[in-house]
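Each chain is listed here by its residues.
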Amino acid sequence: MSVKTKKKMAPRDNGAPDHRPNLHPLMLKNYGKWDYHEKLRPGLLLYVAESGDKLWTVRAGSPRTMSIDTVRKICDLADKYAQGHLRFTSRANVEFSLANEDDIEPLMEEIRSVLGFPIGGTGHSLSNVLHTQGWMHCNLPGTDAAGSVKSIMDQFINEFVTDDKLPARVKISASCCQINCGGQADIAINVQHHHPPVIKPQGVGICELPKVVAICPVAAIRPRQGDDGKTTMEVVDEKCMYCGACHGQCPTMEIRDANTDTLSIWIGGKNSSTRKGPSFMKLAMWGLPNNPPRWPEVGEALQTILDCYKSSAKQYERMGEWIDRIGWKRFFEMTGFPFTKYHIDDSVSARSTFNTSTHVRI
Amino acid sequence: MSEKEIKAKTETPMLDELKTGPWPSFVADLERYSEKKPAVGQLLGQLEQSYEDRWNYWQGTVLNVDGYGGGVIARYSELGEQYPDIAQFHTIRVIPPPGWVYSTEKLRELCDIWEKHSAGIMQLHGMTGDILLLGTDNKTTFEAAEELMEKGWDLGGSGPALRTLACCVGEARCEAACFDTMALTKHLTDNYISELHRPELPYKYKFKLSGCANDCAASMQRSDMPVIGTWRGAMQINQDEVGKFIDDKGIEFVIDNVLTRCPTNCISLKGKTIDVDNDNCVRCMHCINVMHRALKPGKDRGATILIGGKRTLKIGDTMSSVLVPFMPLKTEEDFTKLTDLIDSIWEFWGDNGLEHERIGEFIARVGLGTFLEGIGLEPDPQMINQPRTSPYIKFEELTGSKIDGEPEHNPAVSNEEGEMAEKAI
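From first to last, the protein sequence lines are chains A and B. Here my numbering is used: the first residue of the first sequence is 235, the next is one more, and so on. Here my numbering is used: the first residue of the second sequence is 212, the next is one more, and so on.
Honestly, the hints are just simulated from the structure, not real lab data. Fair warning: this is a prediction, and the values are worked out from it, not measured in the lab. Backbone N, C-alpha and C fix where the C-beta goes; we use that ideal spot for every residue, glycine too. Incorrect hints may appear among the rest.
[Stated by the list, open to error] Residues of chain A placed beyond 10 Å of chain B at every Cβ, according to the derived structure:
{"hint": "1", "residue": "250"}
{"hint": "2", "residue": "342"}
{"hint": "3", "residue": "370"}
{"hint": "4", "residue": "388"}
{"hint": "5", "residue": "426"}
{"hint": "6", "residue": "490"}
{"hint": "7", "residue": "498"}
{"hint": "8", "residue": "554"}
{"hint": "9", "residue": "592"}
[What the hints assert, rightly or not] Cβ-Cβ distance ranges computed for the label pairs, FRET-style:
{"hint": "10", "chain 1": "A", "residue 1": "348", "chain 2": "B", "residue 2": "231", "range": "37 to 45 Å"}
{"hint": "11", "chain 1": "A", "residue 1": "457", "chain 2": "B", "residue 2": "471", "range": "29 to 37 Å"}
{"hint": "12", "chain 1": "A", "residue 1": "531", "chain 2": "B", "residue 2": "270", "range": "28 to 36 Å"}
{"hint": "13", "chain 1": "B", "residue 1": "493", "chain 2": "A", "residue 2": "475", "range": "52 to 60 Å"}
[What the hints assert, rightly or not] Simulated crosslink set (EDC-like; lysine to aspartate or glutamate; CA at most 20 Å straight-line):
{"hint": "14", "chain 1": "B", "residue 1": "230", "chain 2": "A", "residue 2": "388"}
{"hint": "15", "chain 1": "B", "residue 1": "362", "chain 2": "B", "residue 2": "411"}
{"hint": "16", "chain 1": "B", "residue 1": "247", "chain 2": "B", "residue 2": "216"}
{"hint": "17", "chain 1": "B", "residue 1": "525", "chain 2": "A", "residue 2": "579"}
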């Protein structure tokens, strides 16, 4: 298409940028021909190619949300030390790969002094927290995420900058509503709502009612004729499980409540298929207050969990694997967290979570 | 939420607490930047209000760039009067280079475009893997998108569409990668760019690609279709390095942290060498992670294709499950086999899936057996942990036709009536 005839704003469908020109020259040169790697110290890895080429990679934690000025400062360091290339990890850490060993110390010094980023997040560390938008930019959140991440990482900075203080890697996520965009993790902090959605009658007109009815996982929403003759909705309280699926579909179905929403902690999720494979996280603690700007009650519970994990787990045992071995009885004893009827699953697959053996710890 | 009058904040005492401590503070960064961009100061003002009230002040809406059905996450502030510069404050999702690798040239280009048109906030990266650019209004969204596209960038996915793909660093810097994650990410993105930009699926569809079972792209629970590297045949063992490892770490370490951690007990110690029962090795990567100088994935590499992972809503979390135990992913033809599979899945799901029904929910509803029949894939025992325990089964081969002349096999997911009615017309 010539420039003249190109319609402004037409879909360009450019696709994904080519990774090759974005790769560090040594990554491009040795693509698919890497031999081994070594964890030299926290935040520093050495990759050795079959060709003998060596590439040192320095990893630093980022706050994920950054001004353009900060992103440019990251670029400055990459230009100065990392041959003009950098990479972000799936956990919002930034990685500088270096061709020259002598650049490691000066780069680390500048990452700390210019960017103010801590170096670490490798090996058996507590890595950067995956999180959602929260009050910064989401339309559905019951709490913030960036702030709680900042608080958590401040508290556990020593576990980020070291790689031998924990039995295995610890991954944490924080979510701001029950859609739980933060995802599965060794430890997750999620919002919990405590009553059915409150319908704002003036807003019903903007929502497609059949879609709102259909999205409810427990068929608790039904259309109803209002006093004014117009169709509105009603929620069957007994059926509703306060998930907020309808809220995402229709902002009129207000599920949040600043006075009653709480936070829960879930533990033992794992994505990788290493050893016994992936696992879902399970409810550990509920009823914690949504307490900005530092969420101290959450921090206290996380500290308890991590202290118990450190003192009792074997090396290479992820959070869920550790509890599988010691059993939930011991977990609740060690942490002092109350075990309640709410910890017992009541979904359709609940029976698969019951202890159907005589294996008990007495 | 409340009836009280809200005034624009000039101080942010609660957020200020987040400026202290060793972890880099987004508040401090944004506050500095607000000297250049007043909108960022207003964003912090509204955020402070949220912290104070434990309440959110953003409304979601739809804003689409011409020809695109997604990629812009539009937000209006409910406090637009108090904070006029963020009355409209949108996010543009941008597809990153596969593996989140950047030359500073390209990243600076992004910074320049974004500084020119917006409040200048970036998130690297969103939970799906997009570059998130925050802070345009209704007009500048279009201007920024236009310039991004002129420079070769493209918008990411949103809504009931293919979402932006994500992958691990793969062969670019990892010896364990069993296929070229970056190349396949680019191939799938480009091949399905229309499905990414123009929502036409029952609901969202996410791919995440990891080069090995360590799953650094976190694909298992976070994508509808994980592609995870694996290998056929024997793993590579360097027995000299095994001996060195045993000398270095001690035999107890090898027993406690390698042998007993093998999920299928297929490693045995022979003096200062190890023997691996490769037929029973499930490619979990643990021993390779621990003894990475001595052990490597085998040479005949490819990937396991899985399906159905998603987070909670609506039927609860679903873990992805095996669909194709091993698929080579080296050549164009290999890639085509994968896209053929994806095409048949999207066709069957598109025809029979409900609105807002993820593929994992769809499979849970119709049954994996029916799903396999629908996409033309043979059942494989590797797809399950165990055969069924429930004895109530409709064996199509053993159940006779009810009335003479009726078709012997019922369609997998019955839509016969609708089709017949159409034919009659």
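Hints and how they fare:
no.: 1; hint: 250; verdict: violated, 4 Å
no.: 2; hint: 342; verdict: holds, 15 Å
no.: 3; hint: 370; verdict: violated, 6 Å
no.: 4; hint: 388; verdict: violated, 3 Å
no.: 5; hint: 426; verdict: holds, 12 Å
no.: 6; hint: 490; verdict: violated, 7 Å
no.: 7; hint: 498; verdict: holds, 12 Å
no.: 8; hint: 554; verdict: holds, 12 Å
no.: 9; hint: 592; verdict: holds, 21 Å
no.: 10; hint: 348(A) / 231(B): 37 to 45 Å; verdict: violated, 19 Å
no.: 11; hint: 457(A) / 471(B): 29 to 37 Å; verdict: violated, 59 Å
no.: 12; hint: 531(A) / 270(B): 28 to 36 Å; verdict: holds, 30 Å
no.: 13; hint: 493(B) / 475(A): 52 to 60 Å; verdict: violated, 36 Å
no.: 14; hint: 230(B) / 388(A); verdict: holds, 11 Å
no.: 15; hint: 362(B) / 411(B); verdict: violated, 27 Å
no.: 16; hint: 247(B) / 216(B); verdict: violated, 29 Å
no.: 17; hint: 525(B) / 579(A); verdict: holds, 16 Å
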